[in-house]
Structures are given as C-alpha cells and as structure tokens.
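Given these sequences and hints, build the entire structure.
Chains as they are written, first to last, in my numbering: chain R, 4 to 279; chain F, 1348 to 1568; chain V, 5 to 253.
Honestly, the hints are just simulated from the structure, not real lab data.
Positions of the beta carbon are idealized from the N, C-alpha and C atoms, including for glycine.
Be careful, since some hints might not be right.
Said to hold, decoys possible - To give an idea of the chain R side of the interface with chain F (calculated C-beta under 10 Å), a few residues:
id : residue
1  : Leu44
2  : Val134
3  : Pro139
Below are the chains, spelled out letter by letter.
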Amino acid sequence: METTPTIEDDDSSIVDVVPNTAPGVLRQVRQSLDPVSVIVLVAIAIGAYNFIDWSQIGTLDFGIIIKFWRPLATAAGMTIAITAAALACGLVIGIVLAILLELRIGFLRYVLNAYIEIWRNTPLIVQLFWVHFGLPMLTGISTTALQSGLLALTLQSSAYLADIARAGIQAVPRGQWDAAMALSLPARTKWLEIILPQALKVMIPPLGNLAVSFLNGSALLGVLSVGELMTISTRISDYTSKPIEIMTVVALIYLAINVATTYLTNRLERFAGAPR
Amino acid sequence: MKLFEFSEVVRYLPELWVGLRFTLLLVFASLAIGTVIGLLVCFGRLLGRGLLVRLCAIYTTIFRGIPEAVLMFWLYYCGPLLGGVRPSSLMAALVAMSLYVGALLSEIFRGGILAVPRGQAEAARSLGVPEFWVWTSVILPQAFRIVIPALIGVAALTVKVSGIASTIGVTELVFQANVIGGQSYRYFELFTAVGVFYFLILFPMSMIAKGYERRLMTRRK
Amino acid sequence: MERDQKPAPIVVCTKVCKRYGTFVALRDVNLDVSKGEVVCIVGPSGGGKSTFLRTINGLETIDSGTICFDGITIPGPARNVGLIRREAGMVFQSFNLFPHMTVRKNLILAPVRARGLSHAEANERAERLLKRVGIASQIDKYPDQLSGGQQQRVAIARALAMEPKVMLFDEPTSALDPEMVKEVLEVVRELAASGMTMIIVTHEMGFAREISSRVVFMVEGSIAVDAPPEQFFNAPSEPRLESFLSKVL
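Take a look at the structure:
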C-alpha cells in the first residue's frame, strides 16, 4: 500500500489576508457561518432529509452491538496484534535490507531492489491469494489462513519499510559517518548506536502513515477468515442479518484505531524531536 | 499435476479479459470522480471559513481512516438506507473508491498548494493581479508540477485498491482469477500471472514518479 | 500665512499598530511620503521595517491606525487593497519571480490581467522596461537561467510594468552576492533620478545616504528618527541611532 502524507498544520498564509479591523465576537460567529458553509450545510440537510430512509433507521437495532461486544473487541485486538506483528517483523527485515543496500554490493543490490519493487508494485490482495493458494503448490507446505495473512503482510511491509529505512539512513548527516569512521568504531556500534537511532527519528512520520495503511490492509485478511475484525464482522452480520448496524460500528472501530494511531505517532514525533 | 503450466492460463484469457475491463472501469471512473471530489474538498478546506473547513477535514480523516474493504461492504449493505435502492456491487465499489481517492487527492492537492512558496502569491498580489489569476496563473501551475509524483502514486494506489472490489463480488481481475482458480486449481500460475500483470503496470508508474521526483529535486536551487 | 512647501503627501500612515499575539511589531508608526521623495528606512533587524513596508500594500494587516495611499484608505472597503496594489510596486528581497514563466510572461501577466492591456501593448511595455534595466536580451529566458542580479532587475521591471505611483523596496540587495549588488543599485539610482516616489528598506548605508530625500530610523516597532541624510548620518539626534550607525558604518 502506498502512503500519502497527512498535513497537520493549517498554514493558510497562502490565502490572501483580508484587511479589516479586528473582528468582534459577533463578527467571529458570523464569519464561521459564511454563505458557502451555510449552503453546504443546507444541501447536506436537504439530502439527508430526502435520501435517507429514516423509517429504516428507526428499525435499526444497535443493541446488537452490546450483545456481541466481546467477539468484536477480541477481533479488534486481533487486528491490532496482526498489524503490529507484521510491521515489527517488516521493520526488522526492512532495516536489514536497507543496511545491505547501503553496503553497495553489486549483484546483491539488484536482487534486493527487485524484491522491494515486486512487493511494492503488486496489490496486497493478489499477494494474499498467491501466498495462501499459490505458494503451497510451489513449496508443498500449506499454511493456515493466519500464517498466510501474516506472511503476506510482513513481506509487503518489509518492502515499504526497506524504502523508508533507506530514506531514514540517508537522512543521517554525512558528518556522523565520518565521525564514526574517524573514531574507528566497529560496524555494530556504528549502526546500532549512531546511525540507526538518528535514522529512526526521521522514519517516524512515514511509519505512522504505514501503520494506518496496514491497519486498513489487515481488513483484507477477512477474505481468508483469519479471525480479525473484518472476518468477525462479516460472520456476525450474516448470523444476525443486521449488516448495517455491525458494519457501521466496525467502520467506527477502525476509524477509532486509526485516529489513535495517528495521534500516537504525532506524540512520538514530538517526543523524539524534543531533545535537541 | 505439473507446475508451471502457463498454457492453462492462456486458456482462460477471455475470462481474464472481462476482469481486466472491470478493473479499468473501476480505476478510471474512480480517478475521475475522485479528482472532482478532491478539488472540492481541497479548496473547501483552504478557502472556506469555519464550518466548511471543519467538514472537509472530517471528510479526509474518515475516508482515509476506514479500510476500503469495510467501506465497500458498508455501502453495499447500507445502500438501501441511503437511497432506497440496493446498489450493485459495482456501484458500491465505485462510490467507495471515489470517496477514498477523493480524500487522498484532497490532501495531495492541499500539500502541493501549501508547498508553493508564499512569496509567489505575495508577488502576484502586490502587482495587483486579481485573485482569480493569482491562483490560476501562479499558484496552481506550480502546485501541479510539485504534486505530479504523488498523483502518479495515487493512480497506482487506485489500481491496487481495485482488487479489493473482488471481495464484494465485482467481477474484476482478482475476482476472475479466483473463480478460474476454483475451476482449474491452477492457483499458482494464475496468481503469478495476475501478479506479473499488475507489476507490469505499476512498476513503470513507480519509476516515472521517481524520475519526476528526482527532476524536481535538482530543479530547486 | 502658512504655505505648503511640499506637494501633498501621496502616502500617509497614521498611528499604525500591529501585533503578533503579545508581540508588538509596530507601535504608532507615522510616516508621510510626498511625490518624488525617496525615503530610506534603516534600522536593526526585527525592528519592524519590512513589516511596516508590507502594511502599505496590504500584505500585512494592521490592527489600528490608517494608511492612506493616493486617497485610498485602509481600513476600508475590501477592494481598496486591490486598488492600492495596482498603484504600488513592490520589489522583494528574494525576487519572487515566477519560475514557471519566462521573463516576458513574468512582466506581462499583471498588465494584462490587472490593467486589461492587450498582449501587444504589454509586450511592448515589457521590452521597453527590460531595456531600461539593461537585460533586454534575456527576455525569453526562464528565471533560473539568470543570475541573482539579473533576476532582481527583472523583478524591478516587473513592478514597473504596472506603471505604479510609488515603488516599495524590501531589502532589494540583501540576498545578492556582493558583486551583483552594484548593478541593482544602479537601476534604483536611475529610477530615483527619474522622479519615482520610493520607499526603500535597506542595509546599504552609503546608498541610502546618496539617493534619499529623507532617511528613517526604525527600532522596536516605531520610528525614532526621520531626517534628511546629512543630518541623519552626520548629526544623529538619538543615542540608539548613534550606536546603530557606529556598528554599521
């Protein structure tokens, strides 16, 4: 999955300043209800009134959620666990790949780059099916749905993380490498204590984006009935014949997990950036 | 059963071609609609005041924070709620993808516009150029050049996401591969072939995007 | 009986104040500039010189006070700022040329879009102005193909293309390599000699002394000294000005 960055700071200085006297309280209220906002709100209201089947909403039984909160919560935990595991393994593999690439060994670079490009430029769902249905035919080992899911997620995340790790390592100032060399530090110390910690700091924002991407991607594991949130939600939907309630809540759960992840990433960024 | 019987795959080319047509339909349609949505939401967030800005921010948060699979399922089942009519799986997938692409693009456009140096807009305004032309002649052309790599990335992402539509029954490429696989048990050959096919489309896109990025970097003084 | 010695001022700033949160950037700034005058604003960094210059053409808003430019007043109807911007040309420290347009297009954009000139008229004007600043031959090049000094001269020509009544310069030579400062100052000198009204924020003391009708010393957000150059540089009336001059001269 590709990641696009989220922009948090609302720097609207590129928009023209409107010279006015300082706005009073009344004007501020009036300003937030400017014509366009009002039109949009009215349009939404009209659309909601006309198109939404309110009578059906009345029949929705959200109590179902309470009845099934335990399986849902467990499944949500599964989702987080699977994603975390895949990202953790992927991170290790990705960092190893990035380091190997940095060593610039001719033919190895081609192999590793090919690996990265293959796993980045194919859809996750195809990888999933290939690992689960196709790979066993090649290797003779048949994997459980969970194993296949984890494997596919890990392999794909390792490719993305190799790229991110590469960027992070290259962001470490040249001078650090020179200093390490001048001090004759052994390779292990150089990597573990000097380069990687600084690289990791740079890697946090894209890591956060990737986490969200893969949390969303883990939903695909539902097609293999792995037992994470998507699987459980389809099962409960079929069982209770109330897909609307279940799906809505599940969507909100994913949203909550993602928002929390983004928030934690921001905190981590700030924490990592603070000591200067 | 021998392995690597790719001639078997060739047998099923017509079915795969059907799948490919649906994939292309999903990709191009959602990119087109998503662009419109993206532009509206982007400008709503940049130029609007108060509530509109908040609404647009919420839109992007929601549609980037919900898995596409969940969104497709939700639209497929909750369609009657919204329009009284049960949507076809194609419709549900299209709407879901358009909404998702729109959210991504609005962030990309916004990033591009904010990346244009402030001094450009200031210079244009201080010359007395009317606001409309400040945007269309100065800000947007530069913003566009900046985001080209990201736009290619979104197009690639759309191709990847189209595969998810198979989970709600849209007969695109991945769906067809599954169906054929069920009949012929040639899963390995099929998914390898399909994987290679996607790769042949996505890899050049990724290379072009990287090439553009490199050119952009060297152009900056 | 009092007689107006000078022509009526074209720029009148009265008690202009601006703050960023709790930080007061401009406090009760008063400045009158008459037609044909060249006013140089000097002072330590952070003193508010650039901020003040940018309030005149509305790039910065003001919290209180008035700015009257050729009869147009801020605060006022929203279109006033647009009207002022057409009559005030600004040259920036970082040139701000449009990188995706040729020099020619840089110059004709505003006259065509803001004054409704035809392309032919705008082109003719552009060629004339580029000749005036000495880079007629670069007209179809892109900004990144030009040196810093050339870019700034293009920026000056671009501002002149709107035939403004007043030219505002925000540290025009501060971002230039030393060998290119001279060519830009030459253009400014010629402009002053031709009678253009100018307000220049600068660090080039020698230049300020040479071409200005008045020199203004801004520090901590207000104007401390406003005097003709001989008096300003030779007999500084304020201790802060004295210490500033001793550091830069």
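Hint check:
1. Leu44: holds, 7 Å
2. Val134: Given a least distance of 9 Å, the restraint on valine 134(R) holds.
3. Pro139: Interface hint status for proline 139(R): holds (8 Å vs cutoff 10 Å).
This entry satisfies every hint, going by the numbered hints stated previously.
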